[in-house]
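2 protein chains.
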Amino acid sequence: THWLSCMACSSLGAFPALSPLPLARAHGKSFAHRSDLRQAKRILVKLGSAVVTRGDECGLALGRLASIVEQVAMLQNQGREMMIVTSGAVAFGKQRLRHEILLSQSVRQALHSGQNQLKDMSLPVLEARACAAAGQSGLMALYEAMFTQYSTCTAQILVTNLDFHDDQKRRNLNSTLHELLRMNIVPIINTNDAVVPPPEPNSDLQGVNVISIKDNDSLAARLAVEMRADLLIALSDVEGLYDSPPGSDDAKLLDTFYPGDQHSITYGTKSRVGIGGMEAKVKAALWALQGGTSVVIANGTHPKVTGHVITDIVEGKKVGTFFSEVKPAGPTVEQQTEMARSAGRTLASLEPEQRSEIICALADLLTERKDEILSANKKDMEPCANQTIFSPLNLSIGLRQIAVSSQDSVGRVLRRTRVANNLELEQITVPIGVLLVIFESRPDCLPQVSALAIASGNALLLKGGKEAANTNRILHELAQEALSIHGVKDAIQLVSTREEVEDLCRLEKMIDLIIPRGSSQLVRDIQRAAKGIPVLGHSEGICHVYVDHEASVDKAIKIIRDSKCDYPAACNAMETLLVHRELLRTPLFDQIIDMLRTEHVKIHAGPKFASYLTFSPSEVKSLRTEYGDLECCIEVVDSMTEAVDHIHKYGSSHTDVIVTENEDTAEQFLQQLDSACVFWNASSRFADGYRFGLGAEVGISTARIHARGPVGLDGLLTTKWVLRGEGHTAADFSEQGSMTYLHENLPVAQVLPGRRTTS
Amino acid sequence: THWLSCMACSSLGAFPALSPLPLARAHGKSFAHRSDLRQAKRILVKLGSAVVTRGDECGLALGRLASIVEQVAMLQNQGREMMIVTSGAVAFGKQRLRHEILLSQSVRQALHSGQNQLKDMSLPVLEARACAAAGQSGLMALYEAMFTQYSTCTAQILVTNLDFHDDQKRRNLNSTLHELLRMNIVPIINTNDAVVPPPEPNSDLQGVNVISIKDNDSLAARLAVEMRADLLIALSDVEGLYDSPPGSDDAKLLDTFYPGDQHSITYGTKSRVGIGGMEAKVKAALWALQGGTSVVIANGTHPKVTGHVITDIVEGKKVGTFFSEVKPAGPTVEQQTEMARSAGRTLASLEPEQRSEIICALADLLTERKDEILSANKKDMEPCANQTIFSPLNLSIGLRQIAVSSQDSVGRVLRRTRVANNLELEQITVPIGVLLVIFESRPDCLPQVSALAIASGNALLLKGGKEAANTNRILHELAQEALSIHGVKDAIQLVSTREEVEDLCRLEKMIDLIIPRGSSQLVRDIQRAAKGIPVLGHSEGICHVYVDHEASVDKAIKIIRDSKCDYPAACNAMETLLVHRELLRTPLFDQIIDMLRTEHVKIHAGPKFASYLTFSPSEVKSLRTEYGDLECCIEVVDSMTEAVDHIHKYGSSHTDVIVTENEDTAEQFLQQLDSACVFWNASSRFADGYRFGLGAEVGISTARIHARGPVGLDGLLTTKWVLRGEGHTAADFSEQGSMTYLHENLPVAQVLPGRRTTS
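Residue numbers (the UniProt record's numbering), protein chains in the order written: chain A, 1 to 759; chain B, 1 to 759.
So that you can see chain A by itself, here it is in the shape it has in the complex (with noise of 0.2 Å):
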């Protein structure tokens, strides 16, 4: 019956489970990097008491509990080996027993006292062991209950530190824990605090003396060790290690901490749960991480994040700090933005000319190392052959553009007033601050972005894709050199290709801008990833062709043809032709209809449009859609104004033309049309920077704030308010005060005032 049991548990185990993945990593060394994560193999999950119970009231924190269980089966049933280490049979005991004895005083005072006084009994102080003893049975049955809702099996372990000083009892443990991960089953490990000596009388929980801590974290950190763990992920209720004590003006969470470090870190001594805590916590980590396992410490209680910590941590995200004993060359992304703002901050105070003169040197050096950046740019291609050729010498072409239109762009006078005698403002332009550019695949987006950049003084944090990681590094490096001239190297970073665009996004304060260059779902992931930093860009375009029914016949077909096929993946390109009613038995009809089956156009029909015909294409599924291809949609309206209406409730407010030969219908539309482009008689491919002759390009802007439409260097521009005055105070304007407002508004000088270099 041995071997058969194990079997029958072993398959119970395994039912759903999904094909076991690929790791076979080789226990030894901890790993490098938050990214390796993901080749963990075995994990264990520690869940500290704060993790466990609903910290005031005691009882077991169940929605987080069977979030966490979800997440170790989840892991579990992809093929990793998960065990966990777990407190709460005291709190879990603490109830029971509470009960127990409230139960029994409450029959005694009620004999005494009538019914109505049981709120005011005072609850009994219980003893620790005594309430983990009561309550282990409970907890194993509560994990055990949730474990099989996911067909997955558990096994009790109760341990002692002292365990591990027998070798013997070592061994037996040790061989226990590998039997039970051979047969699928996660162990659920807990410290045997019946035979412990009595806890310290620190009464954290209120009422109930606590099982020290450290007992559970030193006891997972050696058990991972022992156990040859690729991973510790240590949950309790602090983000993480900070570099100065929590809540103090400059503290910062690590996101990664190198033991080499540890001098850097000041440990607080007041908090319950802060530095003071985590010292013990540290230094388990670190023992952890000296036999080869890497440890991660995070938050098991923010309810927002719960539902995945264990999943985003062995995902390879940023959560709570990780420890790693190889330190990385560079820079990480935090530094690389504070050095990227502070060069930006210089960069913005030089003369104009000089921001034009590395715009230049950046343009040289694409064509004096062409070479060097074509056979890197080889190098990338090699696995997708059929990548777009890479231009240097086009490139170099465009930039010189952007070097002249820098000229006037930073610290240009937009606004100038005479407040009071001898109190004037002005309104000048000056730089957003630091951007963030993510852009996918094509490279020469790179040096494009950075002249933007340098143009308008802003900072700027490139994350390029890793298809073309080679020619960004290159181009970065021009970059950087062409600054150096002026002493500014660090404003443009280079983001690793590690990092993940998710993380970026939360860099909240650190990054005032992003702009994503790319597909409209790279647009979309990154407005959803965003929490508090403006995106630019577009999300959709919906862009119609609105034929009157007194357009002339050539213009139409020209700029139909033109709006859809020019570029059928391009934003600006056509989704919905409308056409007007009286137009649909016209020969002007006809020829669209050929026109379109000749360029392969695949014709959907709306509802009014199908309505109209004896057979009609298929009709569309959403008037809103986006085909992005050689598709569209057809539909008829009876007016202008009808046309209008349609556009406001199925487009995407981006480029919308109507195509008639009667000027009042045309201005009519042109005004009462609410997108960022209107276009009267003109293809919707012109909705464009370089087409609107704005230079350069930075996007394309639906949103209505800030900037809409095409966006030129403008949009990477803010403004501040100077004012200068002679000792001039809000009182002296009062009715007691001596002064009046003469806001008298002051020619804009042509010359560019107050600015000096900061050398």
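Any given hint could turn out to be false.
Which copy is meant is left open, so a pair is good if it fits within one copy or across any two.
[Said to hold, decoys possible] In silico DSS-like links for lysine-lysine, alpha-carbon gap of 30 Å or less:
| hint | residue 1 | residue 2 |
| --- | --- | --- |
| 1 | K370 | K602 |
| 2 | K327 | K283 |
| 3 | K169 | K29 |
| 4 | K304 | K283 |
Think of the hints as simulated: they come from the structure by calculation, not from any bench. None of these values were measured; they are calculated from a predicted model.
Starting from the known structure of chain A, arrange chain B on it as the hints suggest.
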């Protein structure tokens, strides 16, 4: 023992209860508004099988269940009477029976073919009623274990719909349930599936016939009415009731459903969980509503809201669809927004003079109807007598100024470009769209903001505080009366005080910009709540005055006094005084301290300042404090550059001042410091739209995009690009094309071009 056990159970259930809410509503008719749901005493929560199971895998959704239990227990502990109708026994039993069958199968199979073939085993189809019977005990045990964590007792009730047809059974059930509620026990009710007829063979959950969900819906409705519940919350995996099949272009989730509107609903048929299954749910809901129980149908499976879906509903928040018999007189806030947008478009197309006329008409009305306004204001003020006096006269003067500045706001041409021959581009100012202004008590905000919206051609939703409801109502009537003179009455809407700010902030895609006017707490709350809608407003004003060693004594004293004491609660008041080190032991420094003492300003010392003193004032907790009172921090810096660094590190980029006689130092400070407002020898209190001469002030923005610092009318405008051609296409400019780009800047005409009225 009967008395004893009842008493004990009751006391156990009540143990950690908060003091019960004063809920004493007599049942009889359902609630009219969501906000009334806070009064619901007896609540029945119905958990559909989609909520209790994990969907495809058929295990229980433990995390979800745990959070539902937590919410129910919390409400129970508030003194409400909670009941649960649950599904899930089938799923629980299936999981269990599968194990049993698998176990025996696996042994047999292993004997035949070795142990690696288990994965391919076909699973037997299990009979739903058997699953239910097998699962019932486990499910109840789980509920009990979970509720025990919240010190809440549960009881199991199994019923069938037939039980309701037998009067005696009904009476028995009724009295049992009442007895349980009286004892503070949560009854958990399920259908007695073992004795119901075999289910129809539609296998919804993989491989298991499901007990028709209709049973549980009508069971819950019956029970709710029978038990005179105030509220039935029916949770499943649909968001609620839509006005047309979900997923179609126009489908809108109904916030509130009135039985009279039933014809306006389109029921689809295809989807399992869509509107098809909805019909039965709606029928049950209407039945309960007729019986006097309010109903909310909501999604209990949405990971982001499950943790508070029940408590949110009971707090009156807009979750799912609320069934109400009392249709409110006015339109819903969604309808108001639509009306405002539509009328706003007409407002934007008026001539500037017409918008000006509307504002002047409003100004006239304010003086003409002064008495009416003041008497409404008096009514509002009675409860809290120390409110500010309201002056329609002053307001009226301010409005006339806005009327003047409105003349050249909308339709101003900012840029004209000849893109090519006969292809001309204009960038013109247009309104942003629909503004939502949320303001705290001061009702004088309403006419001001209305005038600003009219001047900029924007539609406006106004949300004021309850404290000024009467004044706001009359002021809004006057605004609409003024708007009527050009037929755009609906462009300004006053939102009912019933609407929660949080719900309004969710009206993404309907509202383009939110402007909070009030405390910085209000601004912060709204910035947090507004997902996807931009918010214009400052959240913090940590302003600095830096006194250089070359400062004039008189100017320094004057500016510091004004910056701190003129209005300490203002966001542009000084919070930190930075002093050059060389000043420390000079008479100027003593004079500053004397002045601050005379003005009763409490001084806190920065760490560096403290280190210079033998006896220092209390050291600051944080250098980032906004005191908003007669308090400030003093810190010492070694140089202007150090002052700039300090402000960059601890400031909020609002307004910062240098006091010096050295022009070079001043200009460097003005250039280097990256704040919205940088002043030289002038009080920080000048950072204000009116004082800057911007006419009316929309607010002060500390954002870095769109608008920065004091925002005037321009902050309520965006732009659009108008292109007029003669059939131009992008292809005309290609290498094979006949045209070339000119990109010639044209002078901007003073007359507004292309503007016609739509009438």
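Now for the hints, and whether the structure bears them out:
no. : hint        : verdict
1   : K370 / K602 : neither (42 Å within a copy, 65 Å between copies)
2   : K327 / K283 : within (19 Å within a copy, 64 Å between copies)
3   : K169 / K29  : within (25 Å within a copy, 69 Å between copies)
4   : K304 / K283 : within (28 Å within a copy, 36 Å between copies)
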